[in-house]
Every structure is written in C-alpha cells, then in structure tokens.
Amino acid sequence: MQIKAEEISQIIKGQIKDFESKADLSETGTVISVGDGIARIHGVENCMAMELLEFGDGILGLALNLEADNVGCAVLGDVSKIKEGDTVKRTGKIAEVPVGPEMEGRVVDAVGNPIDGQGPIAAKQTSKIEVLAPGVIARKGVHEPCYTGSKAVDAMTPVGRGQRELVIGDRQIGKTAVCVDAIIAQRETDVHCVYVAIGQKKSTVALVVEALRKNNAMDYTTVVAACASDPAPMQYVAAFAGCAMGEYFRDNGQHSLIVYDDLSKQAVAYRELSLLLRRPPGREAFPGDIFFNHSRLLERSSKVSDELGAGSLTALPIIETQAGDVSAFIPTNVISITDGQVYLEPNLFFSGVRPAINVGLSVSRVGGAAQVKAMKQVAGTLRLDLAQYRELAAFAGFGSDLDAATQAQLTRGERLVEILKQPQYQPLSMPKQIAILFAGTKGYLDTLPIDTLADYEQDLYAHIESSAPDIFDTLKEKEEIDSALEEKMHATMKAFTETFKASKGI
Amino acid sequence: MKNALLAKRYAKALFAVGTEADSLDAFATTLDGFASLVGDNPELADALSNPLYPADAREAVMAEIVKAAGVEGMMANFLNLVAQKRRADTLGDIAETFQIMVDEANNTCQGVVISASELDETLTGEVQQTLEKITGKRVAITTEVDESIIGGIIAKVGDLVLDGSIKTQLDELKESIKGSN
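Chains as they are written, first to last, in my numbering: chain A, 1 to 506; chain B, 1 to 181.
Just so you know, the hints here were simulated from the structure itself, not pulled from any lab data. Please read these numbers as outputs of a predicted model, since none were measured by experiment. Quick reminder that beta carbons are idealized off the backbone N, C-alpha and C, glycines included. Among the clues, some could well be false.
Pulled from the structure, derived: some chain A residues nowhere near chain B, Cβ distances all over 12 Å [as the list claims (entries may be wrong)]:
| hint | residue |
| --- | --- |
| 1 | Asp78 |
| 2 | Glu102 |
| 3 | Arg139 |
| 4 | Ala228 |
| 5 | Ser305 |
| 6 | Gln409 |
BS3-like mimics (lysine-lysine), calculated; alpha carbons at most 27 Å apart, straight line [claimed, not checked]:
| hint | chain 1 | residue 1 | chain 2 | residue 2 |
| --- | --- | --- | --- | --- |
| 7 | B | Lys8 | B | Lys156 |
| 8 | B | Lys133 | A | Lys89 |
| 9 | B | Lys156 | A | Lys83 |
| 10 | B | Lys174 | A | Lys93 |
| 11 | A | Lys376 | A | Lys432 |
| 12 | B | Lys167 | A | Lys13 |
| 13 | B | Lys178 | A | Lys124 |
| 14 | A | Lys373 | A | Lys478 |
| 15 | A | Lys93 | B | Lys178 |
| 16 | A | Lys476 | A | Lys421 |
| 17 | A | Lys373 | A | Lys476 |
| 18 | A | Lys89 | B | Lys156 |
| 19 | B | Lys174 | A | Lys4 |
| 20 | A | Lys432 | A | Lys373 |
| 21 | A | Lys81 | B | Lys178 |
Same shape as in the complex, but just chain A (with noise of 0.2 Å):
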C-alpha cells in the first residue's frame, strides 16, 4: 500500500477535527490486589456480573465475583502491567465479542482481537459471550444431517444439524482430526464453521490453521485460539466467544457447525479460576458449577424453529481421557449432557484403524431422524453385522475348524473394517460414502483380498464418476435407494468388481 506524507496529514488533521471533547463520566474503583490472572477490587459499586472493567492499557477485565466489599475479577490479557492501587474503569458492558461474516477466514483470541497478522476485523455486529440458550418453543427436532464426512461417523452415529456429539478419547488418537475433517467436508454445503482451541500448543494450532487453509477450509472457519500460554480467564470464556460467534448464524437462519478442542482444558482453566476466586472446591478439586459450565454452553447448540428461520448450531466438543478413563469426572458429565458420544480407543488406533472409532461404545442420540433414507438403508444392518464379527473374532481366535456361515460374518465384518478406515483430510461426500458402503453391505467385497480395498474404493469412485455419474447424481438429490436405482447400483458394482479383479489378476 502506498501511502504518503501529505495524506496522513490529512488523515490525522481531519481526526483531530472530527474529534469531539466531551467530559468522560465513569465509574471506577482501585485495586486491592492482582496475581494469577485474577484481581480484586474495591468500588466499583455499581458493577454488574460478567461485566468488563477496563485497567490501563486497554486491557480488559470480567467481574465475576460480586462481594460485599471488593468484586473478584478475571483479567483477560496481560497481568504484570497491573499494579496495586491502579485505577479500574466501569465500561458498563457485559462482556461481547464481535461476530459477523467478516470473522470468517481468521484466527481471533477469545476476546475476538485478531491474532492472525491479517489486519483489524471489520465486524460490524457484537454479541455477547454469556446469552441463554433457546427456550423450548424456540426449538424443533434435529432432522438434517450434517455430515461430518467420515464413513464410520456419517453410518453409525450420525450427527444432524443442531446435534451435539462428543469426541471422546486418549490423547493423541485423532479426536481433533475427526473434527478438522468434520470442518472440511462442510465445503461443498452452506455451514459455517468455528474452531475453538483452548489450552493447546500454538504450533498444534497453527497446523490445523495450515490444514484448513490448505483444503480451502478458511473460507468459511472461524479460529478462536486461547494456547497453553494464555491466562486461565482467556482460556475459559474462549468456548463461549466461540459459542457466541456460532450463534450468530444459527440466530440468522443459517448453519454452523463448532468444534471445542478441549473441554477438558477449559474445565482445568475454570478450575483454576475459580480456585483463585476462593470458589469452594468440589470433585476432584472443581467448583460445584463445572457441570452447569459445561450444560449451559453445550445447550447453546440447538436447531430453532421455523419462526426463527430454522437456523443451526451444532456442536462437536472434544474430551480427552485419561487411559481410557471414561468414568472420570469431567467425561461423564459431558457424556451426560452430549445426544452422543464418537468413542475413539488407542488399540484400534495402533492397529491401523483409523479413525479409531470403537463401534460398539459410540452412539448417537438424535442423529438417527437425521439419516437420509439411502444412508439408513445401506447402513442399517452395518453396526449389527461389526457387532457380530467382534464377537466372532475374539471367538474365532481359539479355534481353526469353523463353519461357512461363521467363516462369512468373519470375511464380511473384516471387510466392513477395512473400508470404514479412512485417511486424513479426505472427507466424503454422502454419495461416495453410500457407493462404498452398498458394495460392503452387499458383498462385492467378499471375494478381494483385504490390502486391495483402498484401492478398489478409489477405483469404484472414478469409475462411478466416468460411467455412471447418475448414481452419484440420483443419490445426492433423491437421497433414497428405490428400486430402480438399487438394480442399477448393483449392475455397476457388479461389472466393476470384475474388472477390478481382472486389473489385479485375482
């Protein structure tokens, strides 16, 4: 940008202009004491909860304890610039950050400061942090589906827009690659996204920020990153900006979808808040509102009724256990306040199965109402026939001398297993995703050896894109396997499969 001299004269010559004087009333009070990204005020009489108080400097603060002689505050930014005696401001605003179409494509703090080198956000609109969630007669069922593009997500524990489903796992079992995935297949539909990182390295987050934007996924992401080195307050309100950015959408009869990687961490980071705040300690040392903290936010998503334009805000919060441990504290609550869970198991993770959903442990509540046709009718028999290969198979291990039928269920789920795997960033569209599953369902896979799935999958995509688009094309639009299109589906599989075997000289 080329700007010069002259023209900042002028810039500034008509600010000082424009500039009107007027005397500043406020409402202030002093510190009493600060430390640990908490402080204590005196005055301020008239503060209210969650309201922001101003310190110098532009940093800001929420009232959260109101006591009779001082009022606890979170200061969300920097606290060695505070000083004791230091004067505080009211600015007589409950705590909001700014939203709008104009956070797409950036990487904001969990008070909405842009963070991504790309200049200030012209967001027109402001929302607050802490809203109510919609009422009942806001509400209507979950009855879209919101594809999450993953095979085993998608057949078995279907999300639907306004759902919340939980991702829960061990560290490091790709929990967060399930859910960049999720981010990435909304690309081709109208779902705005928001990423919500609390409590993680900032070089985790700037890999996924680099995946997103790799896969055009920017576009229509917000990123609200609160790292490992932000204050416990910036951590904990993170998820509800993050919320209140979703929201917005949903309340302008639009999709969106948010991602809280972690609520485990931010549970940690309200802990230590409340510690500070002196908040009695409960469980494992949380304060007694650690579940309504995480049942208020979760009970944000929602689908809204017609009347309100039948917007959307589904929710995929992410909870990391401890070895498996999912009868800890934090898990089970959000287990209990989720419509579902995706379990994802170490074991299954290192033996190849990726992603490491463990079938048997993950449901979904809603998700059900929100599986088109075709989806139910090609999934429906799935989860029974994996449940009885894992039976099988444990079985099976002991003994050599097996049945036809008994050795079928074990080729059929071994195959199922097989094509359920899914790489990285590859979301799937619901076409493919049927495509694939008919012919596992159907048994044109009973007869090709298990390493040449992957290929064959890849193979039966192209070839259903070359030769016969209108399966695809029916699918997407009919979203329903009749009759017609099922005697089509199982020529084209047929005549593949074949080939297929032929290339491979089976």
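Given chain A, work out where chain B should sit, using these hints.
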C-alpha cells in the same frame, strides 16, 4: 483495605454511640484529625502500634495524646479502647469508614476537585452544584491542584469520576488516531 471488616466494626459501634449523643460530626472531625495525625507522624504510629513497646506503655501514650488534644468523653474512651485493643494501626481505616457512614446519614458525600490552577469560589460553587445534581446528594468539596492535568478539571465523588481534563482528552485523541490505522 485489608482491615475493611475490622474498621467497619469499630466505626459502626462509634456511629451508634454518636447517633445517641447526637455528635456525629464532632466525632468525625476528631477522628479524622487523629487519623491524619497518626498518618503524618510515622514515629507516633510506631509508638502506638509497635509490639516492641510494652502494651501498657502504648496505652499510656494514647491516653497522653488524647489528654493533650483536649478530647473528652466518649471520643476519648473510644480512642483509648482502640489503643487498648491494639488496633491503633487501623485508625485511618476506621476514620474513613466512619466518615462514609456519617455522610450517608447526612445524605452528603465527599468530593474532590482537581484542577491545573487554583479555582475561585464561584467556579467551585458551580462545580459543587453540578456534582449535587448528578449525585442527588449534598457534596462537600475539597480542592486540589495538579499541574500535570494541563487544563480543565477532574471531579471525583465516591466511585464516580467526572474527567474533563486536557490530559485525558489528549490521551484519548492519541488512542483514536492509533486505533483507526
């Protein structure tokens, strides 16, 4: 501020006694005088509260000062009690809290007006009237001169700050120029 609760207890007791005797304002003046006396003389504060000196010696010091200052009756008793209970170091807080209680009872409040140069009486009166209009209470004004604010005035009443100083406006102008780029 750490003794806010303690100061409140003592101030409340003195306030109750003062209301009965109808001498709140007199009490407030005396207490304020004593608090500033202790505040301005670190040696005196030390003599009254340093545990190195025996307790009865400290009490005796207080009794002497009370006598010398010509304080009598209940106020004298109160000051001696404070010394006896070894709370002489909270006198400042007690005086402050007591003043707030008395002000509340009288529907007044304390205001401070800071200006760059000495204000004349009509101007002070006008400021007082404006502050009274804003707070809905009678305002007792003390004036201070602080040249660093360059011009205009800053008026403080309780938590309320009315800032019309040139310094603040210049700061804001600076921020607004910074902010728009």
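Verification of the supplied hints:
At the 12 Å boundary, the C-beta of aspartate 78 (chain A) stays outside the reach of chain B, the nearest C-beta of that chain being 18 Å off. A cut-off of 12 Å between C-beta atoms confirms that glutamate 102 (chain A) is not in contact with chain B; the least separation is 17 Å. With a cut of 12 Å on Cβ distances, arginine 139 (chain A) stays outside the contact zone with chain B, its closest approach being about 40 Å. Even its closest Cβ contact with chain B, about 30 Å, leaves alanine 228 (chain A) beyond 12 Å, as expected for a residue assigned away from the interface.
Distance to chain B confirms serine 305 (chain A) as a non-interface residue, since its nearest Cβ pair spans about 41 Å, more than 12 Å. No beta-carbon of chain B is positioned within 12 Å of the beta-carbon of glutamine 409 (chain A); the least distance is around 69 Å. A distance of roughly 23 Å separates the Cα atoms of lysine 8 (chain B) and lysine 156 (chain B); the hinted pair therefore holds under the 27 Å criterion. A distance of roughly 22 Å separates the Cα atoms of lysine 133 (chain B) and lysine 89 (chain A); the hinted pair therefore holds under the 27 Å criterion.
Straight-line distance between C-alpha atoms of lysine 156 (chain B) and lysine 83 (chain A) comes to about 21 Å, which keeps the hinted pair within the 27 Å bound. Simply put, lysine 174 (chain B) and lysine 93 (chain A) have alpha-carbon atoms about 23 Å apart, close enough for the 27 Å limit, and the pair holds. This hinted pair checks out: lysine 376 (chain A) and lysine 432 (chain A) have alpha carbons roughly 14 Å apart, not beyond 27 Å. Distance restraint check for lysine 167 (chain B) and lysine 13 (chain A): the Cα-Cα separation of roughly 19 Å lies within the 27 Å cut-off, and the hinted pair is therefore satisfied.
Simply put, lysine 178 (chain B) and lysine 124 (chain A) have alpha-carbon atoms about 20 Å apart, close enough for the 27 Å limit, and the pair holds. Taking the CA atoms of lysine 373 (chain A) and lysine 478 (chain A), the gap is about 9 Å. The hint holds against a cut of 27 Å. Under the criterion of a C-alpha separation no larger than 27 Å, the hint pairing lysine 93 (chain A) with lysine 178 (chain B) is consistent with the structure, at around 23 Å. In summary, the hint linking lysine 476 (chain A) to lysine 421 (chain A) is supported, as the alpha carbons are separated by about 23 Å, within the 27 Å threshold.
At most 27 Å may separate the alpha-carbon atoms for a hinted pair to count; lysine 373 (chain A) and lysine 476 (chain A) meet this at roughly 11 Å. With a CA separation close to 13 Å, the supplied pair lysine 89 (chain A) and lysine 156 (chain B) stays within the 27 Å bound. Taking the CA atoms of lysine 174 (chain B) and lysine 4 (chain A), the gap is near 21 Å; set against the 27 Å cutoff, the hint holds. Distance restraint check for lysine 432 (chain A) and lysine 373 (chain A): the Cα-Cα separation of roughly 15 Å lies within the 27 Å cut-off, and the hinted pair is therefore satisfied.
Proximity of lysine 81 (chain A) to lysine 178 (chain B) is assessed by CA-CA distance (about 20 Å); at most 27 Å being required, the pair is judged to hold.
Of the hints listed earlier, there is not a single one the structure fails to meet.
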